[in-house]
Amino acid sequence: MVSSLQIRVGLGLPEPHRSSSVDLIKQVPPPPRALSSAKHPLLRESMPRHVAVIMDGNRRWARMRGLPVGSGYEAGLGALRRMVELSSNLGIRVLTVFAFSSDNWFRPKVEVDVLMALFDRGLREELQNLALLANAIETTKKNSKLHLIIAVNYSGRSDVVQACQKLAVKVKDGVIEPGAIDEVAFERELGTNCTDFPHPDLLIRTSGELRVSNFLLWQLAHTELYFTESLWPDFGEDEFLQALSSFQERQRRFGC
Amino acid sequence: MERNTNSSNIIVRLFGSWVSYMRKCLFQVLSVGPVPSHLAFILDGNRRYARKWGLGEGMGHRAGFLSLMTLMKYCYELGVKYITVYAFSIDNFKRKPDEVQGVMDLMLEKIEGLVKEESIVNQYGVRVEFVGNLKLLSEPVRNAAEKAMRITAHNNRAILLIAVAYTSTDEIAHAAHQSCLDRKEGVIRLSDVERHMYMGVAPDPEILVRTSGETRLSNFLLWQTSSSLLSSPKALWPEMGLRHLVWLVLNFQRVQPYLDTTKKKLL
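Heads up: the sequence lines are chains S and H, in that order.
Using this note's numbering, the letters of the first sequence correspond one by one to residues 1 to 256.
Using this note's numbering, the letters of the second sequence correspond one by one to residues 257 to 523.
Just so you know, these hints were derived from the structure itself, not from any lab.
Accuracy of the hints is not assured; some may be wrong.
As the list claims (entries may be wrong) - Here are the computed lysine to aspartate or glutamate pairs in the EDC-like style, where the Cα-Cα straight-line distance is at most 16 Å:
id, chain 1, residue 1, chain 2, residue 2
1, S, LYS170, H, ASP438
2, S, LYS170, H, GLU441
3, H, LYS440, S, ASP173
4, S, LYS166, H, ASP354
5, H, LYS440, S, GLU177
6, S, LYS166, H, ASP448
7, S, LYS172, H, GLU441
8, S, LYS166, H, GLU441
Work the whole structure out from these sequences, hints included.
What follows is the structure in structure tokens.
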């Protein structure tokens, strides 16, 4: 099963989209903090439009502090909130986070239950907060709008297989000729077709693992990868600015 | 004078044999731990290497080819069974026509050289496979590639997969197309997709190496490397050597327990 939950955060007219999402308006925060620090000078025009994050290391963070696993995930949720706010301030358009994968179902049942309960609670709280603010809409010159995609039970390979499946059904029903199946036709069937910028410009993975672990696949063709030893709950503004700085220094050739 | 040349030749040969012997000892030590069965390489940095050393246009790729032959030898001595290299991407066709033609000419020359008697391919019993949308290649190059695959088809000790006119998205779209043709009833399974991949002839690589310090996949083996260890040494491709390979294998041995556990869980 492949699914994702999307939340739009920010101002302005909601963009048209195909799949269902919760459109909520958030009051614009006070003027954003300095875009850069002395250590990480950043250019707004070279900001990645779409950042993807594998939020790894919650359990290790808890273990290292002798805390139960649930605390790790709580801290992880806090880090996610910080990331959403930062991304919105920096003008990033899409943020995709990898919350839970099909593989993770193999973790101990107690842990899975804790994760699900936390996720449920965290989401409910956020939705409540955002709904309250929905009544106070304020326009500003800077139209900062962030599309947050939370990948739940997502696997890059499963997404590809389900896209093949959808195409096969279309061929069987005579909607499309087999010869017309090219990269463009294929991409339309992927789960990430819900956003204007489906391909992440930057993928960040925390906790030192040097692999993609089946999170996104097709979409990572030309994505810049950034790996950091920091555990996810510790991934804060400084680390994020460092990742963005690294991204802005790279020369992207898109295969040429 | 001649005696001096003969004796210096003997010394050079003896030294060479000693170096080779030491390397094999080193590989025996490394083999105590797990050794990856499939290594994939993105050969990045040839042009930068040429610029760095003031070499002529195209010389970087030639230096890269030498580096490939050496690294292949080391890998096969170590016991790596599959090597995949990203020789030419479909996106590379967008480069300057002169450069593209230069690379095609070099490929033709080297493919023909690969199947000669004294080449490394015959020495190590290597089967050569060209993976990609070969229809995009010019006829001479495509014919040479198909001939090389035919001639080496009986070799089994090791396999060299050369990705030319390849991108992962093209491979997946092609697999989708073929799967739809196969399964007229409209039910596609994972095995259908895998069967139709160009890379279906090899298991997934344990490690994907991209040289010259860039950390991106550039549309290479996106499907096959979803769980692979990613490595991005700063060395340019022609600078890759024994010490990089040793470091790579040691790092792999350090994280292998995680990979094994994950694979067992997914089975």
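Going down the list of hints, with the structure as the test:
no.	hint	in the structure
1	LYS170/S / ASP438/H	holds (14 Å)
2	LYS170/S / GLU441/H	holds (11 Å)
3	LYS440/H / ASP173/S	holds (10 Å)
4	LYS166/S / ASP354/H	violated (42 Å)
5	LYS440/H / GLU177/S	holds (12 Å)
6	LYS166/S / ASP448/H	holds (14 Å)
7	LYS172/S / GLU441/H	holds (7 Å)
8	LYS166/S / GLU441/H	holds (12 Å)
Checked against the numbered hints above, the structure breaks only hint 4 and satisfies the rest.
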